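Peer 1: If you read the sequences in order, they're chains A and B. Using the numbering used here, read the first sequence as starting at 1 and increasing by one per residue. Using the numbering used here, read the second sequence as starting at 1001 and increasing by one per residue.
Warning: the hint list may mix true and false statements.
Here are the simulated DSSO-like cross-link-like pairs (lysine-lysine), alpha carbons at most 27 Å apart as the crow flies [unchecked claim]:
(1) A:K279 <-> A:K315
(2) B:K1066 <-> A:K95
(3) A:K316 <-> B:K1066
(4) A:K95 <-> A:K50
(5) A:K279 <-> A:K238
(6) A:K256 <-> A:K181
(7) A:K316 <-> A:K279
(8) A:K316 <-> A:K101
(9) A:K50 <-> B:K1066
FYI, nobody ran anything at the bench for these hints, they're computed from the structure. Predicted, not measured: the structure shown is a model, and the values here were computed from it.
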Amino acid sequence: MPPISLGSSMFNRAILAVLAGAIMLAVAPLAQAVEIRHDLGTTEVPDAPKRIVVLEYSFVDSLAAVGVAPVGIADDDTRESIVPAYTAVIGDDWKSVGTRKSPSLEVIASLQPDLIIADTSRHEAIYGALSEIAPTIAFDSLTGTYQVALEAAKTIAHAVGKDAEMEARLAEHTTRMEGFKAAIGDVSAWSAQFIVDNGEGIFLHSPVSYNGSLLAWFGFNNNMPTPDGHTYEEAIVKTSLEQLSEINPQVILRGKYADPGLTDSWVGQPLYDNVEAVKTGNLVDVNAHEWSRLRGVIASEVSGANLVEIVKHLKK
Amino acid sequence: MSAVVHVPVRPRSTLRGLVLIAALAVLVIAAALWSLSVGAVPIPTQTIVNTLFTLDGEQQTYIIMKSRLPRMVLALLAGAALALSGAIIQAVIRNPLASPNIIGINSGAALFALVLVLVFPDIPQVWMPLAACIGGLTAAAFVMVVAHYRNLSAIHLALIGVAVGFVFEAGVDYLLIVSNDSESSAPMIWLTGSLWGRTWAHVAVSWLPLVALSAVALLLSYRLDLIALGEATATGLGLNVPRQRLLLLLVATLLASVSVAVVGVMGFIGLMAPHIARRLVGGSHRLMLPVAALVGMLLVVLADGIGRAIAPPIEVSAGILAALIGAPFFIYIMLTTTSEQDS
């Protein structure tokens, strides 16, 4: 095919140059990358990424908070683990990329993402492999506090170009949370402890964990010693009956992943029956999945509303 | 007990051996190509060919070139290394139950690599094989030193190896319990012998030592045949037996350690592959070593492929599957071999 003649070349070139320049100027602000500082480095994220893969539930939370739907989620191969509070916003049009612990790199790659959001401790070992697929940013979801989760939510919103939306959503969040706090009232006289019972062991969420910091935000006390760091073992502490009895919380929020739980088998043992919360009937069962695995703006509001109800029924 | 190894050169024709090696090689290549085609994302053969040879048409560059291909290469390298290591150790310790796993090399390597990962999480990949080698050598050193200075029976040597292995294994268990809970741990997955998340970076740090050591192992095969004749005979034939043993154990240890550093602990391969090979071509190491290496490659590459294909997008560790596929076959071989070779 002969080249298309553009006539007088000098003139045309000038026009083309002007046109090209104009297009560049118009497109440039759209195509600008954002530099995101995160736990595993600084990463250039394309402006307003469209195909996002998330490897922890709290990142689903952050995206849902600003109305963005991910294309892939590490949902532990259980679609129901993405609760209605999230699917109401993000819909059902996402693909499972496997477990949070060892997500399938192949499936992630096949989704052709332009942003991957990973957990700092879980996915550090595969950060290099993830970065080869798409720009990857990492935040401490697993062992971070409520405050850390909110900060991560802000950074994620910035990465996906939804700063204004997140600012508005966080203002709404504060109003809601303050509302729950007011409804809960002064609980500084109570020591409250969230525990997970998986049938084989119990795990106490310490003051440096997400739930520990959330309960503290609502004004509860915690009888557990505060660890120095915030590693997984310091945030989520495997505990024996003796240790539980020593910590002796006045309120226990129990998330059971097995029925009967290990704690159920302790009923009748003096050491267990004399734990303050058990003795006074202030051991409350809560949704294990929502409390122990979900973290973030929306999740904390679900927990807050839950707490308002729980506190109404606590026995002095 | 040690009859299997003591039976030295079985009178089977070299031609038959070579044909077998060729057949196994074809099988290995077929399995390797198959492993490129399986995984959580189904990819048509045409796309795989397009990607491999950069032809026009649809390609899957990341999945084929950056995920499945490095895994395939690592599976082949580690499979051969573990099999060779096992074959050498069985011959040197003169105990058919010996393997890099049994005498503590794998646990030693795993412990040191794990310590490195946990204490210096930011350290570059390159150091992993080195740490694993130090760990593997530490474990093997006990056995080597004892073998060198005390004239112990084969069974005592193996038992000392077992004891050393337990100590290092206890160390691994302790670290996994106190420091990195299973919830957050990549080390946990790696320790089960998995190729999940392995990339060219892992190939880059391991291919040279693994290829070089495998070559050395194959070159030393005739010395294994001499040692297998028994110490007195071997010495009579002019072999410095203690020194050769030390050298062979060193090669075996490094082979197992480097593969542990990149693919984790796959205990069964080192035990199983040499026995399968011995059953196929007899005890002559000149043939048995290459056959064992091919069998090891085949087992690991198949295990990794099946592990990816079985329940996508979840992956089952190759180490677990290698034991699952290999064990029944192994037991069958043992059942049909014993009477023949004990006679």
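Peer 1: All the hints need checking, so say for each whether the structure fits it.
Peer 2: Taking the hints in turn, this is what the structure says about them:
| no. | hint | verdict |
| --- | --- | --- |
| 1 | A:K279 <-> A:K315 | holds (10 Å) |
| 2 | B:K1066 <-> A:K95 | holds (21 Å) |
| 3 | A:K316 <-> B:K1066 | violated (61 Å) |
| 4 | A:K95 <-> A:K50 | holds (15 Å) |
| 5 | A:K279 <-> A:K238 | holds (22 Å) |
| 6 | A:K256 <-> A:K181 | holds (25 Å) |
| 7 | A:K316 <-> A:K279 | holds (11 Å) |
| 8 | A:K316 <-> A:K101 | violated (41 Å) |
| 9 | A:K50 <-> B:K1066 | holds (23 Å) |
Violation of the numbered hints given earlier is confined to hints 3, 8; the remaining hints are satisfied by the structure.
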